[in-house]
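Enquirer: With the hints as constraints, model all of the structure from the sequences given.
Keeping their order, the protein sequence lines are chains A, B, C and D.
For what it's worth, our numbering labels the leading residue of the first sequence as 1, then goes sequentially.
For what it's worth, our numbering labels the leading residue of the second sequence as 1, then goes sequentially.
For what it's worth, our numbering labels the leading residue of the third sequence as 1, then goes sequentially.
For what it's worth, our numbering labels the leading residue of the fourth sequence as 1, then goes sequentially.
No wet-lab data here; the hints were simulated from the structure.
All figures in this text were calculated on a predicted structure; none of them were measured in a lab.
Treat the hints with care, as some may be off.
The list cannot tell twin chains apart, which means a pair is met if one copy fits it or any two copies do.
As the list claims (entries may be wrong) - In silico PhoX-like links for lysine-lysine, alpha-carbon gap of 20 Å or less:
| id | residue 1 | residue 2 |
| --- | --- | --- |
| 1 | K177 | K115 |
| 2 | K67 | K115 |
| 3 | K177 | K289 |
| 4 | K40 | K129 |
The lines below spell out each chain.
There are 4 protein chains.
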Amino acid sequence: MTQIGPETNGVFIISVTPFTDQGEIDWASVDSLVEFYIVKGVSGITILGMMGEAHKLAETESVAFAKHFIERVAGRVPVIVGVSNPGLDSLVHLAKRAMDFGAGGVMVAPAAGLKTEVQIRDYFAAVFKRLGPTVPVCFQDYPLGTGVNISVPTFLQLVDDYPSLVMFKHEDWPGLKKLQQVRRACDGQAGRRISILCGNGGLYLPQELHRGADGAMTGFAYPEMLVSVCTTFFAGRSDEAEDIFDIYLPLVRHEQQIGIGLAIRKEILRRRGAIRSAAVRMPGPRLDKDDLEELDRLLQRLERRLTAIRGRSGIAA
Amino acid sequence: MTQIGPETNGVFIISVTPFTDQGEIDWASVDSLVEFYIVKGVSGITILGMMGEAHKLAETESVAFAKHFIERVAGRVPVIVGVSNPGLDSLVHLAKRAMDFGAGGVMVAPAAGLKTEVQIRDYFAAVFKRLGPTVPVCFQDYPLGTGVNISVPTFLQLVDDYPSLVMFKHEDWPGLKKLQQVRRACDGQAGRRISILCGNGGLYLPQELHRGADGAMTGFAYPEMLVSVCTTFFAGRSDEAEDIFDIYLPLVRHEQQIGIGLAIRKEILRRRGAIRSAAVRMPGPRLDKDDLEELDRLLQRLERRLTAIRGRSGIAA
Amino acid sequence: MTQIGPETNGVFIISVTPFTDQGEIDWASVDSLVEFYIVKGVSGITILGMMGEAHKLAETESVAFAKHFIERVAGRVPVIVGVSNPGLDSLVHLAKRAMDFGAGGVMVAPAAGLKTEVQIRDYFAAVFKRLGPTVPVCFQDYPLGTGVNISVPTFLQLVDDYPSLVMFKHEDWPGLKKLQQVRRACDGQAGRRISILCGNGGLYLPQELHRGADGAMTGFAYPEMLVSVCTTFFAGRSDEAEDIFDIYLPLVRHEQQIGIGLAIRKEILRRRGAIRSAAVRMPGPRLDKDDLEELDRLLQRLERRLTAIRGRSGIAA
Amino acid sequence: MTQIGPETNGVFIISVTPFTDQGEIDWASVDSLVEFYIVKGVSGITILGMMGEAHKLAETESVAFAKHFIERVAGRVPVIVGVSNPGLDSLVHLAKRAMDFGAGGVMVAPAAGLKTEVQIRDYFAAVFKRLGPTVPVCFQDYPLGTGVNISVPTFLQLVDDYPSLVMFKHEDWPGLKKLQQVRRACDGQAGRRISILCGNGGLYLPQELHRGADGAMTGFAYPEMLVSVCTTFFAGRSDEAEDIFDIYLPLVRHEQQIGIGLAIRKEILRRRGAIRSAAVRMPGPRLDKDDLEELDRLLQRLERRLTAIRGRSGIAA
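Expert: Right, dumping it as structure tokens:
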């Protein structure tokens, strides 16, 4: 089954969009990136999110990218396609194409400029009406990026009204309590169950799992850490899961710098062989000599720590 | 009766806070300003609002200003005291002092930084609990100034929960539909009646009256226009009311420039003899030679128009 | 000559994008709208601005719209194409296509998310480098829409650095002093002359002309008023120009409501026969019965006033 | 010497303001808190910052708090007093009182609402004029809190213009490059030296030290970690410094949640005996059962890690 649903869990990695140094989509890197993610054990992949530079792609590019990506994945894991767009027609167009290509669902954030919660509700009423009942939807709650805030009761109203809303991407910040409130209300008993995956670069992943998250949806350049943390946690070894997490935390924090974080992430993916160029489309950040030396130091420290741990224990970090 | 209530109507002028050229409160001008407003026929006065530079007064100054002002008014009209404050203790302290001095009620805007409507509700729950049931409250809905947006259902919930909430100061922008929705829900039949007075410099006053407002709460430097428009409208002559309004509209628009508008308003009040200095506390706008010449032209045009109208008709503009 | 330059003046009307009730571009209405604007005497037309719902068009639609529009105008007046886009590649792509079609220049606003003035300068350095020296550029200064603020010295630095920057679309608010500072610095003597056209719905047009604007670039549904005001003002009859303006001011103000203002404007254009449908693409405002009755009243008042004036004088309003 | 200057370095802890459970300033806890900080080895203390809930204190409380605090410190380390205020008079009043009490300097952030960098410059021109040349000033660069962004050239202009500007509190985010640019320009050779201390909860402290910071100014509840990291780093053992830091990083990150982070910090300080109550003034966050259990887990993990480290090595963490 390659569609997302209320029971979906694990790690949905947020994919970057690989470009050549000239800024064109690098199709060869798309292929290698897909394999990289799948080899690392992710449960799914989300494309065309904000970190996927979706807003800098032409609509035709987005469609072509979704098609190519989904075909390359070839049903091995579900692919969620970010379709947020200032125009509803464009949103629906991409969503329908993506589902035709075999996407597992779509991710929608409230449009920038929505101010009250009634406006958010009206917006999603229009979105769900246009998408119809068969497109599984992940609601992206990312106020830091969208400027739109939704309270828990309003979100729960959406859950009540639209059965195709099956996933909550939690990345309000700070938002541990909000995550927990949604979890308790949507646990399958107090209310219809939905899947909750957490973003925010994974900075609070152990805490979020304790609060009831079903996994992560973020783009950290070491997906195997996210996978290992989730697997270990759900195997009942929460402290061990957090030990693994803490090893990577300095880098998680480093990637979590808004703006330049994307350039850092792409550079690490390049070094790891996942993509050929770390290019970010303009306007976007560039790493200079100081940034690269700083990254060198952090990666060396990580490597040393991983080596030490592997020597001391059997942690599959 | 000098307390506000659900039936309150007419013009509540938003008072400036007069300063000397050195930036001290000019108590003599407070006295003359009170008389100016009352002579112009206002139904009430609101002090220590945003245009009253309340955030630039020390707490002791605010208390002293409220006391002096209310004593000078001496019960001739109700005085509403703006008590919005980042700290709840400070808010409550000023509110209680003001009521002791004989204020007709207090005005509270949601604190900057509130993001969801649940947060707004929780905030006002705390406010009303601390104020107790006997302090009449005007809710100031001014998202452009506070950054906080509330939808109609959430506001109506506050009306249901707190009987001492008796007035809605409408200045969402644009917000004609919102005003009307509140009106229809709080008309005394569909729901408990509350008073609705409109701000935003009065820029849409005739439209707001058509939509069900009970009057204006704004600081236009010609209060007699606001009074005349409201009186004429409620006498059933809406077109005549709008004719009066349109005569002043160029100046209403001119005063409605955020920031410099306050300096313009104080300069007009100074020219009209209401206060002695147009000083605005730092940081604040200053009028330069170009601004003053521009204002000269606008005031001359207004004067010419008023003269022509008085010649042609009996309009009491 | 159909390219814009430092001497460009008069009224550049901001065109709406006409849609059918189903939300498709209504090509027949594009044609009628072009004729409507030209008959009203505009000096130029700006398409794909924010009020043109550019952000809700797919890139292919924008290209097709620009092509069709420019061909229909057929060189009678210059056409400026708004090309602002979160992605620089998309911006440049549309700009180059537009110039190929015969556009008179392009309009660029700083990308949302730029925070410091150094970032703004860097952004425009990239824009101008990619556009090359032959594409005339209008800088759109619209902080209320973009969230990006630029001070006068930073803007003047751009003027110094990029000769193809030939026009300043002023719509900071309030911003009369800013307009004047740019005017004095770019008057052809103190510094290189550039054209200054004013937006903000025209709400302060007479004041802006006094401050040195070369005309208006806004979308008011009665373009003939804007033309008449500018022509009369530049003929040396500033008071008469403002008299004409003030007749329309209630409606100018009514259209200047952010969000719903666009629906009002399209409805008036529909009533005037310029377009067949007032449809706004989702998400976007809709007028209800109350809004339409309110508009009826305002248009009747305008009509009465115009009739009275025409009877009394020879004003070509 | 208890005044700050261009050579100031080390850890300036940002002090909380201790309240009783009833919300009054808890003077006994002020005394114990002072001793706690000094015992932990800080080089200075900053009071009445944003995390000190300064905006929720009445002006008279701020003055009394500054007086009491400075007297208790009694010259053992310099005390910086945050004096940011929407009104310039209030700012200056508190600054002068604080200096009279023996403060080491004052901290000023640009007032909320400043939009362009010219406005920022004008604002600080007024601030420095009013403060005079003898009050050492720390510029707080905290856009996430103030909404005001300043670029490096504009800040350097302030350094050139005002010799009493001796310290830069860096907490733009992300802002490692900005910090480095200020460092290189203000290194005592390329330009006048100023002190640079870093905030943001210390989340990037090792990176900031590498980039040239002179230390930290933040409020982490384990000041001894900040001290140890800085001391070790400046002793030339940067990797060891970062090892110490990384032990605490999970908690640093946990405290760095805007809003609730303050409640967490106060709760830890309470548990450590520094203050008697973790109360935060309204409106402010409260920790519930889930929050407290989460904190328990994180503190236990920290304790275990510290024990393990102490066993294995001689790290004075």
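Enquirer: Now tell me if each hint is right for this structure.
Expert: Each hint tested on the structure:
no. : hint        : result
1   : K177 - K115 : between (22 Å within a copy, 15 Å between copies)
2   : K67 - K115  : neither (34 Å within a copy, 35 Å between copies)
3   : K177 - K289 : between (40 Å within a copy, 11 Å between copies)
4   : K40 - K129  : neither (37 Å within a copy, 41 Å between copies)
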